[in-house]
Amino acid sequence: MQGKDLLSINDLTPDELGRILDLALRLKRGGHGPLLAGRTLALLFEKPSLRTRVSFDVAMQQLGGHSVYLSQGEVGLGMREPIADVARVLSRYVDAIAIRTFADETLHELAAYADVPVINALSDGEHPCQALADLLTIRERFGRLAGVRVAYVGDGNNVASSLALAAAMAGAHVVLASPPGFQLPAPVAERAAAYARASGGSVTLTTEPAEAAQGAQVVYTDVWTSMGQEAQQALRREAFAGYQVNPALLARAAPEAIVMHDLPAHRGEEIVDEVIESPQSVVFDQAENRLHAQKAVLVMLMGGEAGP
Numbered sequence: 005m006q007g008k009d010l011l012s013i014n015d016l017t018p019d020e021l022g023r024i025l026d027l028a029l030r031l032k033r034g035g036h037g038p039l040l041a042g043r044t045l046a047l048l049f050e051k052p053s054l055r056t057r058v059s060f061d062v063a064m065q066q067l068g069g070h071s072v073y074l075s076q077g078e079v080g081l082g083m084r085e086p087i088a089d090v091a092r093v094l095s096r097y098v099d100a101i102a103i104r105t106f107a108d109e110t111l112h113e114l115a116a117y118a119d120v121p122v123i124n125a126l127s128d129g130e131h132p133c134q135a136l137a138d139l140l141t142i143r144e145r146f147g148r149l150a151g152v153r154v155a156y157v158g159d160g161n162n163v164a165s166s167l168a169l170a171a172a173m174a175g176a177h178v179v180l181a182s183p184p185g186f187q188l189p190a191p192v193a194e195r196a197a198a199y200a201r202a203s204g205g206s207v208t209l210t211t212e213p214a215e216a217a218q219g220a221q222v223v224y225t226d227v228w229t230s231m232g233q234e235a236q237q238a239l240r241r242e243a244f245a246g247y248q249v250n251p252a253l254l255a256r257a258a259p260e261a262i263v264m265h266d267l268p269a270h271r272g273e274e275i276v277d278e279v280i281e282s283p284q285s286v287v288f289d290q291a292e293n294r295l296h297a298q299k300a301v302l303v304m305l306m307g308g309e310a311g312p
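Heads up, the sequence shown is in the numbering used here, so the first residue is 5 and it goes up one at a time.
Please keep in mind that the hints were generated in silico from the structure rather than gathered at the bench. Every value quoted in this text rests on a predicted model; they were computed, and no experiment measured them. Don't take every hint at face value.
Said to hold, decoys possible - With a straight-line Cα cutoff of 25 Å, these simulated SDA-like cross-link-like pairs (lysine to any residue) come out:
1. Lys-51 with Tyr-97
2. Lys-32 with Thr-229
3. Lys-32 with Leu-295
4. Lys-32 with Asp-19
5. Lys-32 with Glu-50
6. Lys-51 with Gln-218
7. Lys-8 with Asp-119
8. Lys-8 with Gly-22
9. Lys-51 with Leu-209
10. Lys-32 with Thr-17
11. Lys-51 with Gly-147
12. Lys-32 with Gln-65
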């Protein structure tokens, strides 16, 4: 994978996906040396962040490298300076770029002109780093991914897209429940279904949260209104009113079910305190695993050692 971009889960093969998760688990156990000593990661962020910024920054420090944070106010990506120029300048300074942006066009233009690996740290289309942390969390809990039943309840957004693609590639059985008009984009659903056919998994779309949660081992949700969608907040609250993860919905899941959320959570909307604070919740394990999954991605893309 050295030198590759990670713009989408589609940039990974099933073998590469497995290798990232294997390495993430080894790195999480500790004992690794400065695998990225002397290497620098640029964090190019148009959107604010807690988990993404801190996890990438700490990952580079713990691996012996360092990061440089660049906000939209500092760079003015596409406004103060053309995206192509930013890509070519940063390529002369750093060993990789992680970009957190809105438009997928920005992400792809940056990657087209950069001579170093570009990592999608979130775009409107996908959030692949989150999906890697999600799969790591599920694998830690159940010891496998193949055959695990994953229910996603909520907006068919970037998080849902990457989760569906990655889980299907790994052989999980994924059911996504979203209101009409807010379901997974058709091209993503088609690609995920193709991965499922190859892996022995499955992908099902429904409008019924109860159908998704029935017998699920993982119950996952995300905010109803993401950054950049604030003008739709009232509309979305009405559309998603029946898509809350609460004790009644969780009761339909398997007894061993875990609850997942990529955070930040809007408590009382897509999930209630009684569930997110329950023993079944692994949301903070998920948050921690952003660090370990991204360490593995950084090592593999930036040419670090294979790890212990």
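Status of the hints after comparison with the structure:
no., hint, in the structure
1, Lys-51 with Tyr-97, "22 Å, holds"
2, Lys-32 with Thr-229, "32 Å, violated"
3, Lys-32 with Leu-295, "9 Å, holds"
4, Lys-32 with Asp-19, "20 Å, holds"
5, Lys-32 with Glu-50, "29 Å, violated"
6, Lys-51 with Gln-218, "36 Å, violated"
7, Lys-8 with Asp-119, "10 Å, holds"
8, Lys-8 with Gly-22, "16 Å, holds"
9, Lys-51 with Leu-209, "30 Å, violated"
10, Lys-32 with Thr-17, "22 Å, holds"
11, Lys-51 with Gly-147, "34 Å, violated"
12, Lys-32 with Gln-65, "14 Å, holds"
Consistency note: the structure conflicts with the earlier hints numbered 2, 5, 6, 9 and 11.
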